[in-house]
Amino acid sequence: METYVLQIFNGISVSSILMLAALGLAIIFGLMKIINMAHGELIMIGAYVTFVTQNIFMSYVDKDYFDIYFIFALLAAFVITAFVGYLLEITIIRHLYGRPLDSLLATWGVSLVLQQLARSIFGAPNVDVKSPTWLDGGILIWGDLQLPYKRLFIMLLVALCICGVYYFLYKTTTGRRIRAVMQNRTMAKSLGINTRKVDAMTFAIGSGLAGIAGCALTLLGSIGPTLGTNYIIDTFMVVVLGGVGTIIGTVAGAGIIGLGNTTFEFLTDASLGKVLVFSVVILFLQWKPQGFFTIKSRALDE
Amino acid sequence: MLEIVAKIKEYFLKRNAVISIIFVLLCLAPLFLSDFRINLLGKFVAFAILALGIDLIWGYTGILSLGHGVFFGLGAYCMAMYLKLESSAGKVPDFMSWSGLEVMPWFWKPFASAPFALTMAILIPVLLAMIIGYLTFKNRIRGVYFTILTQALSIIFVVLFIGQQAYTGGTNGITNFKTILGFSLSDPATKLSLYYIAVLLLLAAYVFCKLIIDRRIGRVLVAIRDGENRIRFSGYNPTVYKVFVYAISAGLAGLAGAVYVPQVGIISPAEMGIIPSIEMVSWVAIGGRGTLTGAIIGAVLVNSLKSVVSESFPDIWSYFIGITFIVIVIFMPSGLVGIYQQIKKVWRNSLLLKRKEAAMKH
Amino acid sequence: MDTVLEIKDLTVSFDGFKAVNDVSTAVKKGDIHFFIGPNGAGKTTLLDAICGRVKPAAGSIFFKDCGDVTKLAEHEIVERGIGRKFQVPSVFNSITVFENMELAAEKKRTIFSTLFSKLSQEQMERIEYVLNIIGLYEKRFEKPAALSHGEKQWLEIGMLFVQQPEIMLLDEPVAGMGRKETDKTGELLKEIAKDCSVVVVEHDMDFVRDFASTVTVLHEGTLLVEGDMEEVQKDPRVIEVYLGRGGE
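Residue numbers (UniProt numbering), protein chains in the order written: chain A, 1 to 302; chain B, 1 to 362; chain C, 1 to 248.
No lab work stands behind these hints: they were computed from the structure.
We treat Cβ as the ideally placed atom computed from N, Cα and C, and that holds for glycine.
There could be a bad hint or two in this list.
[Stated by the list, open to error] To list a few chain B residues with every Cβ distance to chain C over 12 Å, as calculated:
{"id": "1", "residue": "Phe12"}
{"id": "2", "residue": "Ser20"}
{"id": "3", "residue": "Asp94"}
{"id": "4", "residue": "Arg142"}
{"id": "5", "residue": "Asn229"}
{"id": "6", "residue": "Ser234"}
{"id": "7", "residue": "Thr239"}
{"id": "8", "residue": "Ser304"}
{"id": "9", "residue": "Phe313"}
{"id": "10", "residue": "Ile339"}
{"id": "11", "residue": "Ile343"}
{"id": "12", "residue": "Leu351"}
[Unchecked claim] When the alpha-carbon atoms are kept at most 20 Å apart in a straight line, the in silico EDC-like pairs for lysine to aspartate or glutamate are as follows:
{"id": "13", "chain 1": "C", "residue 1": "Lys152", "chain 2": "C", "residue 2": "Glu187"}
{"id": "14", "chain 1": "C", "residue 1": "Lys143", "chain 2": "B", "residue 2": "Asp315"}
{"id": "15", "chain 1": "C", "residue 1": "Lys152", "chain 2": "B", "residue 2": "Asp226"}
{"id": "16", "chain 1": "C", "residue 1": "Lys118", "chain 2": "B", "residue 2": "Asp214"}
{"id": "17", "chain 1": "C", "residue 1": "Lys139", "chain 2": "C", "residue 2": "Glu125"}
{"id": "18", "chain 1": "C", "residue 1": "Lys108", "chain 2": "B", "residue 2": "Asp214"}
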């Protein structure tokens with residue numbers, strides 16, 4: 001029982017990272033019908049930014065202050081990946097509007113290049129990031145069951161980010177613009193919204209969220225150039241399951257995929273667990289082909 | 001008699017010039033290339049069979065499957081099971097005994113027969129595609145949603161095949177084959193025959209696909225790409241056609257896998273993953289989607305380049321293919337064949353112009 | 001005249017909003033039957049329900065002797081003999097005009113027949129006949145992308161025509177057309193109505209006046225008035241709906 005509780009707890013913390021990554025992906029897809037296969041590599045960039053920040057602190061900052069590097073790393077991860085996302089949008093993505101399948105393929109090319117770039121700069125082997133000491137240890141619940149601070153911190157971080165995104169999308173003018181474009185692009189355009197600017201900004205923010213996810217991942221294990229590929233498909237499944245364009249859908253989708261993975265893996269084994277989750281997703285889609293939550297459209301062929 | 005010759009000339013030299021040249025070159029290749037290169041080329045020919053299938057479903061019907069590695073892999077594993085059983089001479093294959101399996105699993109037994117293995121290599125992918133296709137297409141899951149599901153499919157199979165080590169050989173896959181139908185696989189004559197069989201099967205696959213796209217069904221497939229919902233109101237049920245084309249394309253992938261294994265001598269889960277699956281699509285994208293010739297050219301050309309470039313500069317290859325792919329997808333959606341057709345058009349127009357000018361002068 | 005299509009107590013709702021509310025009406029054989037009404041009256045939704053694009057929450061639609069068609073899939077409804085043209089011209093852009101017609105003309109639409117059967121002489125002649133009527137015979141080997149807006153509309157109507165439905169549903173067939181093109185479309189409709197019934201949703205009142213044999217006015221999802229154009233035009237409720245709101 002205890003192992004199961006711990007498993008579930010770990011499952012939730014992993015699915016919260018998925019949630020963060022999927023949130024960026026879902027907003028981008030909802031807004032511009034772009035499937036970004038390089039999203040995983042943005043996670044990877046966030047992780048390497050954390051690694052570099054740590055190294056800078058190790059070499060140039062007094063030992064006593066080393067532990068606060070992680071805060072800086074979080075910020076840097078967001079800003080730098082958001083900037084990379086912005087560059088991607090203005091150079092490549094903008095050519096791909098209205099071609100969702102092509103966007104998927106072209107961004108796969110991007111992901112190949114980014115992975116190779118990481119390999120050239122940091123080398124192929126994985127590197128470790130030393131977590132700050134204030135995240136060592138954990139809360140003792142009962143018996144031997146200990147919930148590590150690291151994972152609790154990740155959940156807290158994700159919860160904060162989701163609240164932030166919610167606030168941004170629903171309570172600010174910019175957020176309202178984004179939602180307006182999401183629901184009806186032509187209408188928003190004719191109302192004077194600069195859709196190009198909204199697109200670029202949304203892409204940057206979505207990428208920044210992936211960067212934070214990457215930063216959080218460094219707490220759970222070593223990182224390497226192919227870090228992103230391990231997460232990208234689960235992230236996509238979250239989007240398929242949750243539907244596009246709603247925060248609640250993404251949260252629900254991530255919860256189900258994450259918990260499903262852990263539970264099935266606990267009950268069977270790692271390989272059968274994945275098969276079962278996939279089967280469940282396909283069966284679920286028999287019932288609700290568009291995912292949990294969707295925005296309806298009356299167009300014949302989009 | 002002369003008329004027939006003229007007809008043949010017209011058919012092969014004018015209308016199908018490029019494809020005729022490709023097949024002539026493929027047949028003559030053993031005269032120029034070393035055994036090693038021919039073996040590689042044979043592998044690429046197998047890939048070309050698969051590329052034809054991807055072109056049918058993606059280029060013509062507009063459905064992007066990123067799980068074709070699975071169908072390729074299933075075909076390859078079926079063939080590998082036969083080869084493994086033949087080289088184990090009735091005993092339990094080596095990797096099974098390493099995993100502590102003493103009795104041969106029941107589903108391995110029938111694969112001792114080559115015809116059975118070959119049939120299964122095509123039939124299993126077809127059936128899997130029919131099931132998955134029916135469950136998704138019936139519910140109108142399409143576009144990127146379908147694509148993502150196929151990606152998940154390929155992850156699942158990789159995980160499954162790695163996990164079930166005793167039955168599949170795990171990460172290492174199945175290898176150490178000795179003979180095929182009694183002929184030694186290391187014998188150059190066998191290798192050459194395998195190469196020609198591959199070319200022959202490619203020709204058969206090409207003719208098969210050509211038959212499909214030249215019939216009315218070809219127009220239905222293109223119409224599904226143009227407007228899937230619209231075709232319903234012309235009275236066609238797109239689900240049936242989509243399942244059909246998915247199954248055909250999976251069958252071709254399975255056949256490609258079966259052709260691949262005896263030439264390469266190993267199949268492992270790595271060949272079924274997402275990355276090989278996208279690479280397969282990239283061949284078609286680069287060669288030219290929506291033309292069968294483009295699919296064949298793409299598969300052979302990209303893979304030849306890959307082996308040449310990555311032999312000397314392994315790092316450069318990722319950059320090269322990544323950037324090429326981005327450029328092709330964004331700016332040249334019809335690929336190399338598209339560029340060729342554009343050039344031909346410009347050339348023909350300028351020729352017409354010149355003739356006109358000449359006529360004006362007179 | 002015989003009734004071809006009978007709609008009984010039809011209700012279509014989108015997330016609780018009733019786009020069509022308890023509508024009953026009938027389309028007679030050989031009629032050119034117009035549905036008119038202000039925006040949001042439920043005209044397009046009504047057509048969608050007939051051709052199976054949306055499933056009604058309640059009510060039924062009886063077609064000839066085929067029974068209730070609301071349970072059938074879109075392509076099955078087409079097979080029974082109901083054809084539909086959409087508001088935005090939608091034809092297949094990567095195949096030629098002739099091939100567009102060919103797809104619509106062939107009655108056998110199974111995989112097997114699309115693989116092996118070819119057009120009969122009769123079908124060829126019919127396609128050529130229709131191509132002549134819609135004025136696209138000369139352009140039959142071009143791709144629709146090169147056609148004008150009006151020509152695309154005609155092509156789509158032509159595709160419906162060779163499909164030989166018994167009832168044809170047209171959603172704003174003259175939207176975006178000039179006077180001349182509009183009149184030509186009207187003549188085309190008359191030609192078509194010789195063989196089948198036509199249901200049209202249209203805003204162009206001149207067009208309605210010139211060609212309608214029956215007019216049904218819808219308002220906010222319910223049926224307001226039905227009759228010939230003269231009766232409808234005189235009805236105070238219709239005037240109220242069309243003009244009253246402007247005077248508020």
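Check your understanding: Given the hinted pair lysine 139/C and glutamate 125/C, is their alpha-carbon gap at most 20 Å?
Key -> Within the cut-off at roughly 16 Å; holds.
Exercise for review: Could you check that no beta carbon of chain C comes within 12 Å of the beta carbon of serine 234/B?
Suggested key: violated, 5 Å
Review point. Going straight from one Cα to the other, do lysine 152/C and aspartate 226/B come out at no more than 20 Å?
Key: holds, 15 Å
Point to revise | Outside-interface status for phenylalanine 12/B - nearest CB in chain C farther than 12 Å | key: The claim holds: phenylalanine 12/B sits with its nearest Cβ about 24 Å from chain C, beyond 12 Å.
Check your understanding: Is it correct that the beta-carbon of serine 304/B has no partner in chain C closer than or equal to 12 Å?
Key -> holds, 31 Å
Practice item. Check the non-interface label on threonine 239/B: least C-beta distance to chain C beyond 12 Å or not. Key: violated, 9 Å
Practice item. Compute the least Cβ-Cβ separation between serine 20/B and chain C, then decide whether it is above 12 Å. Key: holds, 25 Å
Check your understanding: Keeping to a limit of 20 Å between CA atoms, is the pair of lysine 152/C and glutamate 187/C held or broken?
Key -> holds, 17 Å
Point to revise | Interface-negative label, isoleucine 343/B against chain C, beta-carbon threshold 12 Å | key: Answer for isoleucine 343/B: holds, closest chain C Cβ roughly 21 Å.
Check your understanding: Would you say asparagine 229/B is clear of chain C, with no C-beta pair closer than or equal to 12 Å?
Key -> violated, 8 Å
Check your understanding: Going by Cβ atoms, does leucine 351/B stay more than 12 Å from chain C at every point?
Key -> holds, 22 Å
Point to revise | Reported absence of aspartate 94/B from the contact zone with chain C (all CB gaps over 12 Å) | key: holds, 45 Å
In summary, the numbered hints that this structure violates are 5, 6, 7, 14.
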